[in-house]
Structure formats: structure tokens, C-alpha cells
Amino acid sequence: MTEGIAKKFMFVNRSAPYGTVYALESLEVVLISAAFDQDVSLVFVDDGVWQLKKGQQTKGIETKNFSPTYRALEGYDVEKLYVERESLEARGLDEGDLLVDVTVLSSGELGRLMDEQDVVLSF
Amino acid sequence: MLHIVNKSPLERPSLDACLRIAGPGTVLLIEDAVYAAARGSAAAPRLAEAMQRLKVCVLLPDAEARAIADRLIDGVTTVDYAGFVDLVAGHPNCQSWL
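Protein chains in written order, with the numbering used here: chain C, 463 to 585; chain D, 156 to 253.
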């Protein structure tokens, strides 16, 4: 691949996984960005933190369980996963409930990280 | 009366509107509304309080998909799809809080 410009992309995920299609669509775009060797960060805020909840079993709703994909992101060099602490706490969750290693940040820390990005995409 | 809620309690005010307005009867939580019954959720105390006058049911396949079936608050009843049909058939009318 010829050398291109790598930009800092942040994907802001604020939707729960199955009630709408946003979570799945976000994953698709994340994988595309990673294929173009961009500097990708994923952020999980509000109901978006539910995307990472361990133990999803979707047989009963006849929908694809895409949660294992978050564990495969490492293989695409997508390793920057951030979760807002306040969002976890409002849902009775902690880091141990999540199916992948993340960095937990405060709202303020997350805001500063957002300021550093070239492109921010919202799902 | 049967009240059906399908939106996450921390994203939309649907559940709050339902609990504010609903008289005695049954509330059925489906789709993203099942998160309201997750132990430790900010919405759980409001739901627990409503259980003094309303029966609260949760659609189990939706709770399982969202990985909260093992952490539902005490007092809620889980139902499957056949149970959903029974609830609709067993109440004279229903309101979906979209």
C-alpha cells in the first residue's frame, strides 16, 4: 500500500445493541477504517456501553450476536477502546461486566480525547 | 390494562411517561426497555416503586440477548413469546408507549 495520510478517527457509540441497527453499522464502518490504516478509537457512552456486556445470547430473538466481533478488533489493530465511567455506573455495570479490555475514562477525560480527533463519527 | 414499553429508560422518557400515567394493571418491558429491570440501573428504583401497583413483566428473549437475564430486579416476571400473547389476550386493552 502506498503511504497515505493517517487521521485520528473516533467512533462514538451511544446506542444499545439490538433495539436499533446503529451498533452493528458502527462496527462495519470501524472495520473499513481499520482496513485503510487509520488511527481508530472507539468510545462507548450512554446505552452504548451495553454493546460490550458479557453474555449476550440472541438465539431467542433470532438476531445475529455480533458481540464477539469486539474481541476480534485487536486483530485489525483497533485497540483503543474507551468507556465512560458515568455511563457504566448509571447502568449498574463495572469493567468486569465487559467482554473486552477497555480504558475507563471520566466524562472530562473523554471530552479532551474527543478534542484531539481529526474526525468524529456518531452512532 | 396492559402497557407495553420498548425504549431504553435512559434514552427516552417512554417508561417514565408510562409509570406516571398508568393505573393498576401490567407493564410489559420488551426490546431495549428490558434494561430498566437490570439491577443497579438508574431506572430500577422507579420500576421497583411502580411494582406496588403494577405487575411488571419482562420478555425473556430480549433480556437474554442483552445479557441481563441473570440480573433482573426482584419481583419482575419473565415471559416468553407465548406469554406475551397471553398477556395481550388477557387484558381488555393495551397501550404501546412508543
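In case anyone wonders, no lab produced these hints; they're calculated from the structure.
Keep in mind that this is a model prediction, so the values were computed, not measured.
There's no promise every hint is true.
Stated by the list, open to error - Only part of the chain D face toward chain C is listed, based on derived beta-carbon distances under 8 Å:
id, residue
1, E166
2, P216
3, R221
Virtual Cβ for every residue (Gly too), placed ideally from N, Cα, C.
Status of the hints after comparison with the structure:
no., hint, in the structure
1, E166, "holds, 5 Å"
2, P216, "holds, 3 Å"
3, R221, "holds, 6 Å"
Every hint from the earlier list agrees with this structure, and none is contradicted.
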